[in-house]
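Colleague: Residue numbers (numbering that gives the first Met the number 0), protein chains in the order written: chain A, 0 to 248; chain B, 0 to 646.
Calculated lysine-lysine pairs in the DSBU-like style (CA-CA distance at most 35 Å, straight line): (1) A:LYS20 - B:LYS497; (2) B:LYS306 - B:LYS642; (3) A:LYS82 - B:LYS372.
Which residues of chain A face chain B? A partial, calculated answer using Cβ under 10 Å: (4) PRO31; (5) MET33; (6) PRO53; (7) ILE56; (8) ASP59; (9) ARG91; (10) LEU122; (11) ASP123; (12) SER127; (13) LYS128; (14) ASP141; (15) PRO146; (16) SER148; (17) LEU154; (18) SER160; (19) ILE162.
Simulated from the structure, these hints should not be mistaken for laboratory data. Heads up, the beta-carbon is just placed ideally off N, CA and C, and yes, glycines get one too.
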Amino acid sequence: MKNCNFKLLVWRQKGPQEPGKMVAYTVNDISPDMSFLEMMDLLNEDLIKKGEDPIAIDSDCREGICGTCGLVIQGLAHGSKQKTCTCQIYMRDFKDGETITVEPFRSSAFPIIKDLVVNRSALDRIISKGGYVANNIGGAPDANAMPISKETAELALDASSCIGCGACVAACPNSSAALFTGAKISQYAHLPQGSPDRKKRVLEMAQQMDKEGFGNCSNHGECEAVCPQGIKISHIAKMRREFFKASLL
Amino acid sequence: MIYNTIPEGTPLNGKVPAGPIEKKWQSHKASIKLVSPANKKKYTVLVVGSGLAGASAAAALGELGYNVKVFCIHDSPRRAHSIAAQGGINAAKNYPNDNDSVWRLFSDTLKGGDFRAREGNVYRLAELSMAIIDQCVAQGVPFAREYGGFLANRSFGGALVSRTFYARGQTGQQLLLGAYGSLMRQANTGKVQIFPKREMLDLVVGEGKAKGIVVRNLENGQIESYSGHAVIVATGGYSNLYFLSTNAKNCNASAIWRCHRRGAYFANPCFVQIHPTCIPVHGDYQSKLTLMSESLRNDGRMWVPKKQDDKRPPNEIPEEERDYFLERKYPTYGNLVPRDVASRNAKTVCDEGKGVGDTKRAVYLDLSDSLKKFGLKYIEEQYGNLFEMYQRITGEDPYRVPVMKIYPALHYTMGGLWVDYNLMSNIPGLFVLGEANFSDHGANRLGASALMQGLCDGYFVIPYTIGDYLAQTGAGKLSIESTEFKQAEKEIQESVQKLVGKKGKKTVLELHRELGLLMWNQVGMGRNQKSLQTALEGIPQLQKEFQENLIVSGDANHWNKDLESALRLWDYMELAELVSLDALNRAESCGGHFREESQTEEGEALRQDEKFQYVSAWEYQGQGKTPILHKEPLEFEYLKPIKRSYK
Ligand SMILES: Cc1cc2nc3c(=O)[nH]c(=O)nc-3n(C[C@H](O)[C@H](O)[C@H](O)COP(=O)(O)OP(=O)(O)OC[C@H]3O[C@@H](n4cnc5c(N)ncnc54)[C@H](O)[C@@H]3O)c2cc1C
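One chain only, chain A, in its complex shape (with noise of 0.2 Å):
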């Protein structure tokens, strides 16, 4: 394949509290072996270089685990690529010449902090009110003590993945953070070690979730489709089941 120029269309905002717009540039002479984070880096490398002020992104381990990246590439959240995290996006997926726009994740729950960089840490706060199991470290019984089987191990394992990106909530059109929650929660659901805090967790973490001002799930499913890691919204049912009982029982 040939190397490949490219319009951008970047969102530009320099302080959470200044006005932002879309900014054009050019990038040529791409290679389609090249990363999307990588063009983004050559872009920022030019810019430096013309004294200008380069893009702020946000990036660390580039194989789509950790979360940090993230982007609204061409409209979608981490790019039209199924189950692909913005930095395992690769320019070779996109046509010669094309525009392609570049956003942030935008949600009122995530200040944008500059440019495509946003501020996540509600789903930190969502977290701290019940995303664990509340047990101390030191004097746990020994692992094998308490089977569980490989279904329901390898069914917590698919909600655990969750890498906290914020795709979810960047893709639902009520801002909504419930894959997100509905994940951790539905992780200890499944498992026996979750029991004990159960209605606890499910409450105090879905009161969190609407303080941090993330907006109600109406079941359209964008999340689903955008999640690098293909999270299922059955996760978000499970949560529903679990905060109906706790709420009645």
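Given the coordinates of chain A, work out where chain B with the ligand should sit on it, guided by the hints.
Modeller: Coordinates of chain B with the ligand only, in the frame set by chain A:
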């Protein structure tokens, strides 16, 4: 820096307790001091880093009742680089009934590290390994299980037993989310306060003790000081010194390097690990390398064509024209030799012109036999996410042709700040945990042992040993008004001011690539006196380039990744000299440190115990000045150093 004569300082003592090896930790715990439950709340402990080591330590200390402040670079503690660990975590549980034991895990680790680690520390690690698995399962970490509901194990390099616990190819993620959960639980109680997007840029030392840290707020550029009764640094490894590595982009050496500049000794800097199975380099713009977990060597076979320059695709090369070089040379361990051995052999066959792919710097990792034998479902379950990752990056589908191209890459650093048995550095009150310290892996780390060490340090060692220090120093009043704090803040402000808006021609990225390439070529898988001298002469030129010709984007009061990277790059440039100097001084081969002058007739690493059975701990003397070498002699009472053989 003058490197032909190295000044030697006083020898160091690791303070490993006396007594039989299996009683050392127990008797040590019984003899160290305690802080009473009522007094714990009078102490503040600063924890820098929220990876497995930092998060587990902070959660444990919060639960005990200490006030804890946690700092990390990321926007959330859950994003620490531990999240990316793939393959698994070791523990001597002996669940498979294959004759594993604490002794075997201890001896495999010590031997794997080529007898350059402390016996007492390694034994403690093996001893505590089981409790880690119990703890993680109690937290709800969904490890892989067998159909009966019990935990599953797999094999990793350097061992003849199956002792690695795993969660698909995302073990680090699951373990870190467990530790992060415990941490957030403490954050909810208020015992732990979390400071994300803070980069530690200095350690404050007063009256000979660690008093606190100075950080830069990455969001708004503010310089902030924090004081505590003890400081724990758990900031991970320094592989990114080589630019291309399997580490995340934000992994850095700055926190430990700045502790070093304030007096903390840096131990065995030249012990870096080059991992055999990574996706090969392709193109000049590449920003990082991706690991293909060692677990693939359970079912994969490494080979190259017997003929040089063989252009046929792998599936057209008949069996008898393939060289399964590891199986040929090491019939006992085969594809499961330790990493350093596998990497070196991959390099050798490529040097012989048998490498594959466009660049000829790659070998095959072949899962065809296993796919035939165990079927697609098994391979999917074991390696599904690795196969997907390979396809995304290379555009080739390993499910179609299950032969991947791989090549060694920088992955882990065994070296780090020197610590004693209590995990305290030579600066009282400064503790160092996880990959940031040098403690347990000697000259080569075995797979699945870093996660074990990080959690061992954080969950089960530091909660005990820090009490001993705190009980002795007392809960004095904390303040950030001392001249030491003010001086450190001023120095950071000045260094930031000097960098922002620097108007040279070379970007930080360009210069970092140059440094990385120099180090990879001269201080990489094979090192010799000449290559090391080349590095030691080349680095100052890059430093000069940094000072005179760097361009940095100019805004110190907003998010500025370029400035962050520039600050880190200078620290790498100083550390690179120390790595090279240490490699030059250690004129033996051991583990991942292969001095070409010191090898056996078969080309294996040749240790020189009479001369080098010690830990090198370096004391900083100022920029460009030759550091002082302190030696900690290593004694082996229980496992006598033998020639490492995996044949
Ligand atoms: C791709 C990959 C796969 C791996 N797979 C395995 C495996 O299967 N099994 C295994 O045992 N090991 C594995 N390892 C090694 C293992 O993951 C690491 O050694 C280990 O996780 C390090 O943990 P840590 O807590 O010491 O540091 P990290 O997890 O790196 O955490 C460092 C923390 O310090 C913070 N920090 C860093 N610098 C600063 C600073 N200046 N100021 C403030 N905060 C700072 C970071 O934000 C982060 O929170 C793997 C490593 C890699 C790269």
